[in-house]
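A.B. asks: Whole structure, please, built from the sequences with the hints as guidance.
Chains as they are written, first to last, in this note's numbering: chain A, 1 to 161; chain B, 1001 to 1324; chain C, 2001 to 2504.
Treat the hints loosely; a few may be bogus.
[Said to hold, decoys possible] Reference excerpt, derived from the structure (chain B facing chain C, CB under 8 Å, subset only):
| id | residue |
| --- | --- |
| 1 | ALA1041 |
| 2 | ALA1277 |
| 3 | ALA1311 |
[As the list claims (entries may be wrong)] Here are some chain A residues the structure puts well away from chain C; computed CB gaps all over 10 Å:
| id | residue |
| --- | --- |
| 4 | ARG14 |
| 5 | LEU35 |
| 6 | LEU39 |
| 7 | LEU70 |
| 8 | ALA110 |
| 9 | ILE114 |
| 10 | LEU129 |
| 11 | LEU132 |
| 12 | VAL148 |
| 13 | VAL158 |
[Claimed, not checked] These stretches of chain C come out as covered by chain B in the derived footprint (C-beta under 8 Å, 3 or more residues):
| id | region |
| --- | --- |
| 14 | 2131-2142 |
| 15 | 2188-2198 |
| 16 | 2332-2342 |
| 17 | 2412-2418 |
No lab work stands behind these hints: they were computed from the structure. No residue lacks a Cβ here, since even glycine has one placed at the ideal position from N, Cα and C.
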Amino acid sequence: MEDGAAPEVALSGRWDAAALGLVLLLTIGALVLSLGYPLWGDFQPGPGLFPTLAAGLAVLCALGALGSALLAERGAATGREEARVWRRLLVYAGIVLIWAASFATLGFAASGAIALTLLMRVGEGMGWLPSLAIAGVTIALGWLLFEVLLGVPLPHGVLPT
Amino acid sequence: MTDRITRRMTLAAGAALIAAPAGAQDFPTRPITLVIPFSPAGGSDLTARALVKAAEPILGQPITVVNRPAGGGAQAMQEVARAAPDGYTLVNSTAILTAIAPNMRDVPYNSATDFTPIMTYGAFNTFIAVRADSQYQTLQELLDFAKANPRVVTVGVSVIGASSHLGMARLAQDRGAQVSFVPFGGGAPAVTALLGRHITSVVVSGEVLPHVASGQVRLLATLMGERVPSLPNVPSIRELGFDWSMNSWLGIAGPANMPQPVVKRLQDAFLQASNDANFKRVMDEIAVAELRNDAAGAARIMAEDIRSFEALIKELKLGRYAAR
Amino acid sequence: MMESLIGLGQGFGIALSFGNLLWCLLGVALGTAVGVLPGLGPTATISLLLPITFRLDATSSLIMLSGIYYGAMYGGSITSILVKIPGEASSIVTCIDGHEMARRGRAGPALGISAFGSFIAGVVATLGVALAGPAVADVALAFGPAEYTALVVLGLVLVTQIGEGPRIRALLMAALGLWGSTVGLDPIEGTTRFTFGVLELQDGLDIAVLAMGLFGVAEVLTLAAAKEGSTQMVDSPRGLRALLPDRADWRASSGPIARGSVLGFALGLLPGGGALISSFASYVMERRLAKDPSRFGQGAIEGVAGPETANNAAAQASFVPLLSLGIPSNVVMGVMIGALMIQGIAPGPMLATERPELFWGVIASMLIGNLMLLVLNVPLLPVFVALLRVPQRILAPLILLFCVVGAYSLQNSAFDVMMVAIFGVVGFLLRLVRLDPAPFMLAFVLGELLEKSIRQSLLIGLGSPMILVEKPISAALFALAALVLCWPALRWIQIRIMGGRRTT
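C.D. replies: So this is what it looks like as structure tokens:
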């Protein structure tokens, strides 16, 4: 079978199996957590039964996926290409997480401006000026759209008004 | 537009905590924020918004309404509990979050000590209903059958721990009957299951009234203390020989330790607003009964309910007291 | 039926009044405008735009709200097709072939067939309501917990047929989705599960937040991490004529649209998950019926036409149980009930007789709204397709912004913003391992319904699971689910016996 819409980025053989191993561990964790709730009540299933069944199924599937990944042919690793990809990804993911974490405390405008400027500058390698410009325009647009037109009470954080 | 500008000012002022406590004589001097711990367009939200609309001209300041339903509303309660007790941050307080929720799960606030009750304006009218072609003509018949046939009577409710469920559970317990509660996540789906003959009865709020009007459903009783004027044929459980009633009340409260004059000013304003014609219309339409109390009355109800719901939920071994 | 037709005529009289036409148009335009923002699905759109309708009278406000709803749904189809970000669970399947079509330079036909299919679905749904009358809502009464259990099981079986990459990984994601749906409050006992003391987790994971994270933010991260050039969209033709579905497209789509309309209408009458199931039921059905199923996932127009039509027909049909029983089939419909309440109207069986102008006005305006959607959006096709040429470095910050602020606007809660970011990163990692989030999302939505209905059934059946198979509707649905599940095995046996080679 031709692998339909293959994702643009995918891990190669060994890493794929390692990642599935991690997923397997997570599903086992979910199973253990689920078993912490009563499985059966007086006359009916307790809160733990369905999570346990779902997690159990997930463990089985993860085992199956891991097995088939180990049996599958290993793709050639493209080391250097991947390192560059990972760096960009880390930058993006880090900035997104920091943006979200500072959204309430710094406020919508400040957190967004910082995150977007960094994203453009570090992530996309643009100059400081265009980065600031894009961030500024985006934030202004977001403010206009959500706060002014749609009336969402966005957090203002450190900024007055 | 002015509305939005003032809202921003309120939020900014609230966030920065720059406001000095206002003199009680001229309270309020700036806009007030009312936090509603439920989603927009629910019963609590609709009545509170109508009340606020009527109270604005009386207080002479705009009141900004913010919906914060996250965490089942507990987050909003915590936010208000921690706010400055200056009367500018208020919450739409309810029996659900004040008296029931703390017994069902862990909440980050203490209902008894973290809030200053200001007033109550209404209570969800809760009915016990069966299909019109059902063999049960009275609540007594339903409970008698349930006593003779344990667990056979199915009762649709919105969620376990709602006042509807707790009320019916107490009725059953008082008569030594055993019923099976089936939660549907809302009143309307429970009523639909009743109409489709999947369950025996429901304990729900106003959702059932259109089906009563169409003649498909019969109301056996209301959990409130007395009959409602709009439904003179529906007996209250007190009339049916139970020495208690259950009011899932709605009101206004602020953080603990609010200055007495501010409480008085707000209480008078909101009580006056609760006479507003449009407010009364909204209350009628969603079957919320009037239950007007001043600050002292609200405090009394609150204290009473915190105690009685804790006892009841403990007795029924629900929520935090469930057997593990 | 005569009564219904008279009612419908009256409805058109009301819906075609100048004022209501204007509100309908405004609703459709605003709904599309907000819904087309990546990450903002119909739920977010309608709750954001709700206050605008407060000042209108009941009929107009409902007409405008439904206009917003259709507009937002179409806006969601646009983002699904162009940037692979579904606004709601039911447009997840649209992403599969719709986005693939866009990648192959056929965004125009994909968007076009979606608009035309939705319109045809609107005609069928309106006729369906008119012919069957408001009493058609009684279908929903026949469905109790046991019947819903069977319906959801059938839905889950269909979910396992959907998803990119290896089958076992799709199953894994579906299982995780089922588990994820149990986070929050236990649907029966009301106690907390897997909340780790985090207050906001008591509400469970929010489907809109999951969609923004797993699809929206994850897509941005994927684009960022992808090799330069590989995500470059194929340049689309610019003329409107070349953007519309051509004759071959229509030939391929007419069957799926016809089947999708009927399927969507029937399932949309069932408020508990029917509308969602209709979209991927249509997808799976079309793939089964196709002469060459391997084209699915490669940009098959049937994979867009069917689900989009079914989705829209179901959305319209779901107004019937909403208006006559007051049961909302999704969050959007819940908001609609609130809007009715604000106007002092309690949905119920008497609504169609007591307020015929409202009931039939809304039904008639569905048709008009869909026509407006078509009139409004077809000329805009070149504009939408041109969005594909927006450079990624401009698109990325915009998508992130809409996801972040859109998440906040759902409940005015910063926690949701954090969840979107976390699920964004998780979603990207999942893609690396070729774990498709689509089965996760669908199983997530169905899982909640499944656990609730099974446990309700057991409560009603006094602990005996026999209730699930004793009822005829539920038994029939279970049988159908078994058939769907065994179909590949049957085919495999058939092929083996005939001596053919394994083609999968």
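A.B. asks: Please go over all the hints and tell whether each is borne out by the structure.
C.D. replies: Each hint tested on the structure:
no., hint, result
1, ALA1041, "holds, 2 Å"
2, ALA1277, "violated, 13 Å"
3, ALA1311, "violated, 18 Å"
4, ARG14, "holds, 13 Å"
5, LEU35, "holds, 12 Å"
6, LEU39, "holds, 13 Å"
7, LEU70, "holds, 13 Å"
8, ALA110, "holds, 13 Å"
9, ILE114, "holds, 12 Å"
10, LEU129, "holds, 14 Å"
11, LEU132, "holds, 12 Å"
12, VAL148, "holds, 12 Å"
13, VAL158, "holds, 15 Å"
14, 2131-2142, "holds (count 3)"
15, 2188-2198, "holds (count 6)"
16, 2332-2342, "holds (count 7)"
17, 2412-2418, "holds (count 4)"
Of the numbered hints given earlier, the model fails hints 2, 3; all others are met.
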